[in-house]
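Let the sequences and hints guide you as you build the complete structure.
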Amino acid sequence: MDINKDPGYRYDVFLSYRHKPLDSRICKKLHTLLESYKPVRRFKSARITRVFRDDEELPAAGILSDTIAKALASSRYLVVVCSPDTPESEWVDREVRTFIELGRSNRIFALLISGTPDHSFPPSLKGVQGIENRTLRVTEAKENQIITSLKRESLKIIAAVSGVSWDQFRVANRRRSVKRIILTTASLVIMFCVSGLYLLQQWLMASYYNIYANKEELLIHSVVQNVTNGLHDRLKEVPEALPVVADILEENLIYLESMAAIDTGSTYTEGYLGKGYLRTIAAWLDLGDYSRAAKYADKAVEEFERLASVRSYLNGKSELLTCYSVAGISMQYSGNLDKAVSYYSKGVSLGRELDDQSPNTEIKKQIAQNLNSLGDCYTAMGCVDDAVFYYDDSLKIYLGLMSYKDFSERELAGTYGHMASTLHNAGFYDQASRYYYEQISHLQNLREAGTILDDTLLTDMALCYANLGSILMYQGDNQQAVNMLEQASEILRPVSISTPGKNYYHASILSSMGEAYQNTGNHVLAGKYFSESLSLLEEYAEDTENLPAQCALADNYRHLGLNAKFMAQTEEAINYYTNAISLYEWLANDRKELSQLWGLAVSLHDLGTVYMDNGSYDEAKPFLFKALGTFQAYDEATGTESSVNNIAICSNNIGLCFYNQTDYAGAIPHLLSAAEYYISRLEQADSSHRRIYADCCGYLGRCYAYQGEYERARDYHQESALVFEVMSRDQSEYLKSYAISLYWAAIDRVLLGETKQAEDYYILCLDRCSKYIESGDRSFLPTYLSFYAYYYLVFEDDFQKALEISRQAWMENPEDVSVQKIYAYSLLFSGHREESEEILAELAANQPANLELIRFDSRVLKASGFTYRELEPLTQLLGE
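Residue 1 is where the sequence shown starts when you use this note's numbering, and the numbers rise one by one after that.
If you are wondering where the hints come from, they were derived from the structure by calculation, not from laboratory data. Built from N, CA and C at the ideal position, the CB exists for glycine as well. Heads up, a few of these hints could be off.
With a straight-line cut-off of 27 Å between C-alpha atoms, the simulated DSS-like cross-links for lysine-lysine are [to be verified]:
id	residue 1	residue 2
1	339	295
2	20	44
3	275	299
4	771	756
5	592	528
6	142	44
7	142	295
8	396	364
9	317	275
10	626	592
11	70	771
12	339	29
13	365	299
Label-pair ranges, simulated between beta-carbon atoms [to be verified]:
id	residue 1	residue 2	range
14	90	711	31 to 41 Å
15	711	123	38 to 48 Å
16	733	711	23 to 33 Å
17	314	90	47 to 57 Å
18	314	349	19 to 29 Å
19	663	578	24 to 34 Å
20	166	567	53 to 63 Å
Quick look at the structure:
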């Protein structure tokens with residue numbers, strides 16, 4: 001099936017851009033062009049129905065961490081708006097990288113609005129194969145020229161998404177545009193010429209026939225109003241002709257200026273020029289040509305400032321207040337933030353002057369809106385303190401309006417949400433949290449007052465809690481974050497019940513709740529939320545065309561598998577992982593959703609570790625090998641190296657399977673592969689990766705030791721000890737691993753004949769064991785005692801002391817293999833041969849691998865000075 005016609009995608013296009021003034025305006029214009037395009041009759045299927053743009057689709061920013069990722073996964077194509085500011089945006093690069101990882105790099109378009117690809121592409125985009133053929137260049141000198149080019153280039157996106165021939169599509173659109181523009185232009189020019197000629201005729205008659213002046217002024221008032229107001233309204237009905245008609249509207253200003261020059265004192269004509277400027281500005285703002293709109297802003301302000309000084313002109317100052325706001329918008333959107341700030345500030349000052357003279361609710365609202373706009377400008381300029389000041393000032397006005405009947409608390413709650421979202425986006429989490437809490441407070445007031453909260457308001461309230469949860473998670477307060485996320489889930493529950501189509505979104509939130517609880521270690525509650533999410537997602541199990549729901553279902557099975565693993569529920573974990581693997585394989589192989597290779601690889605690996613934990617190494621290895629290959633396939637498909645750490649972990653675990661089966665030669669290549677990865681990144685590695693590296697070195701050392709390569713064994717055990725020594729300085733839990741590494745480093749030296757160094761290492765080992773037990777973990781006591789007893793066997797020849805200590809270890813934990821070995825050796829060398837042989841024979845019978853441990857110990861004891869006769873019972877047991 002053609003992927004372009006696949007109904008499983010929620011969005012046709014995902015728009016990725018940096019939130020800079022020009023980038024935002026161009027992106028918004030592209031959004032409008034794509035969704036409003038009406039296909040020609042020949043290509044009826046060439047229609048884009050849904051475009052994702054974050055500030056359009058999401059009511060507030062910072063909503064749950066997986067929202068953008070899910071939107072990307074649900075989009076057919078990605079369009080990246082590129083300018084010299086774009087490479088500085090981590091989020092744009094991350095969105096591109098995620099889309100590449102989804103296996104859709106051949107469906108990425110670059111929209112270059114300024115600069116060159118080298119300076120404007122985010123890092124991930126530069127490496128996309130064939131992107132130069134999918135780069136749409138609209139790098140014009142002026143913004144109105146960019147918009148013109150954008151309208152042409154956007155057709156390429158529509159053609160690609162719809163899967164139609166570009167050449168045929170371009171020709172068909174060109175023919176339709178020419179026909180419409182000719183017809184529309186002809187109609188409008190005729191209408192305009194008739195109106196203009198009639199208007200001029202009336203003005204000439206007014207000049208020569210003063211007796212009819214009042215009558216003619218009334219007629220002119222009607223005509224000018226029709227030309228000035230009606231034309232802007234009519235052009236909206238013919239979108240293909242908007243640029244042509246907007247030019248005509250500009251020409252209308254020439255007539256208005258001529259009329260103003262002929263008669264500057266008429267009661268009825270005064271002010272039409274200023275209003276003409278405002279409507280022309282509004283037309284170009286509607287068209288997205290902000291530079292052209294800004295061109296008339298200064299003229300409009302000049303005209304309305306003149307009118308405000310004319311005493312006979314009514315409403316001059318109130319119209320000037322409106323003009324300041326419109327002029328500010330023009331300058332803000334055209335990127336002239338300094339001038340926008342100037343006009344908004346003038347609007348605030350004038351509004352306060354008018355409100356002082358005659359308090360008025362609408363003027364107060366205009367003041368608040370200008371203050372909001374000032375906050376937006378200062379945010380864009382990076383002056384956050386100023387932005388917060390104006391936002392707060394705006395809110396004070398809104399709060400003051402609460403006593404007026406025509407101002408609702410719902411509007412105030414929405415304003416708080418806007419403030420919170422803006423601050424959240426800017427990274428000012430404390431201030432954002434304060435506004436979120438205020439928004440929740442006012443929404444709660446609405447509920448307590450008996451107002452029925454519709455789904456939109458309930459969703460707003462839930463998003464407030466969800467955003468607060470994300471902030472708290474970022475700040476490290478995980479428990480409080482869980483509380484907020486739980487409230488969000490509870491609020492959304494009735495929304496999803498009343499609107500079944502929203503079950504998928506509620507399920508995603510429940511799954512996020514499960515992950516949050518899982519992070520805090522509460523696996524019972526994590527399982528509860530994962531199960532609730534699963535019950536909703538299973539409604540989509542038969543809907544194989546709804547790929548986002550199928551992906552979410554697979555993810556949920558995987559989360560449940562991990563949760564069951566944490567709770568030692570082996571059978572449940574195997575069942576969940578098996579379901580996840582089956583669904584991921586179908587998505588990746590049958591539906592070519594290559595992004596799901598990641599989930600497949602993780603599930604295969606985790607299922608392998610479930611078998612490992614159960615001691616079923618033969619069952620574990622096939623899954624681990626398959627996980628390794630799948631991670632490699634994922635990196636190859638996405639053109640990245642994002643799986644290298646997972647590949648190293650797979651290699652390490654495969655090596656451990658071989659090690660636990662005493663196949664040391666088989667273990668070494670896999671352990672070496674993992675160690676090589678970690679050693680190259682050790683300086684930047686976190687504690688978990690350092691621990692894996694140190695463990696890997698330790699197992700390599702033991703593999704080489706069991707094979708008789710003691711120098712290599714010593715080097716790897718030494719490396720392991722060095723890493724754990726550094727880690728144990730800050731985290732006492734690593735003292736245990738440090739002590740075990742020292743033990744093996746000492747044993748290697750015994751086998752190499754370095755007795756003095758061996759004893760020094762062994763004494764340090766015992767000291768670290770003691771300190772670890774003092775830190776609170778007494779479960780390590782039997783191992784410590786057995787190490788202590790072994791010291792008296794190897795270095796002191798004090799067999800009675802060894803027997804005394806090893807018996808204590810055996811009484812603490814008689815099931816531990818190492819404890820049993822050392823106790824048996826102590827019995828043997830202190831004259832209790834029969835009891836010793838009984839313990840050793842039982843060890844060998846229970847687990848063949850124990851024979852390898854006894855064989856290795858016999859080498860150590862022989863190297864420390866024990867005679868053949870003393871070791872005879874061991875050699876007989878080993879058949880040597």
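Now the hints, each set against the structure:
1. The straight-line distance between the Cα atoms of residue 339 and residue 295 is roughly 12 Å, inside the 27 Å bound, and the hint therefore holds.
2. A C-alpha spacing of about 35 Å is found between residue 20 and residue 44, which places the hinted pair above 27 Å, so the restraint is violated.
3. In summary, the hint linking residue 275 to residue 299 is supported, as the alpha carbons are separated by about 11 Å, within the 27 Å threshold.
4. Using a Cα cut-off of 27 Å, the hinted pair residue 771 and residue 756 holds, with the two alpha carbons roughly 23 Å apart.
5. At roughly 32 Å between alpha-carbon atoms, residue 592 and residue 528 are farther apart than 27 Å, so this suggested pair is violated.
6. In summary, the hint linking residue 142 to residue 44 is not supported, as the alpha carbons are separated by about 34 Å, beyond the 27 Å threshold.
7. The suggested pairing of residue 142 with residue 295 holds, with an alpha-carbon distance near 12 Å, which does not exceed 27 Å.
8. Taking the CA atoms of residue 396 and residue 364, the gap is about 11 Å. The hint holds against a cut of 27 Å.
9. For the given pair, residue 317 sits about 14 Å from residue 275 by alpha-carbon distance, which is consistent with the 27 Å threshold.
10. Of the pairs offered as hints, the one joining residue 626 and residue 592 holds, with about 18 Å between alpha carbons and a cut-off of 27 Å not exceeded.
11. The straight-line distance between the Cα atoms of residue 70 and residue 771 is roughly 48 Å, outside the 27 Å bound, and the hint therefore fails.
12. For the proposed pair residue 339 and residue 29, the alpha carbon gap of about 23 Å is at most 27 Å, so the pair holds.
13. Taking the CA atoms of residue 365 and residue 299, the gap is about 25 Å. The hint holds against a cut of 27 Å.
14. Against the hinted window of 31 to 41 Å, the Cβ-Cβ separation of residue 90 and residue 711 comes to about 47 Å, which falls outside the hint.
15. The hinted range of 38 to 48 Å is satisfied by residue 711 and residue 123, whose Cβ atoms lie roughly 44 Å apart.
16. As the Cβ distance of residue 733 to residue 711 is approximately 31 Å, the hint placing it in 23 to 33 Å holds.
17. In this structure the supplied range 47 to 57 Å holds for residue 314 paired with residue 90, their Cβ-Cβ distance being about 54 Å.
18. For residue 314 and residue 349, the hinted distance range of 19 to 29 Å is satisfied, since their beta carbons lie about 21 Å from each other.
19. Checked against the hint of 24 to 34 Å, the pair residue 663 and residue 578 passes, with Cβ atoms roughly 27 Å apart.
20. A hinted range of 53 to 63 Å for the beta carbons of residue 166 and residue 567 is consistent with their spacing of about 55 Å.
Checked against the numbered hints listed earlier, the structure breaks hints 2, 5, 6, 11 and 14; every other hint is satisfied.
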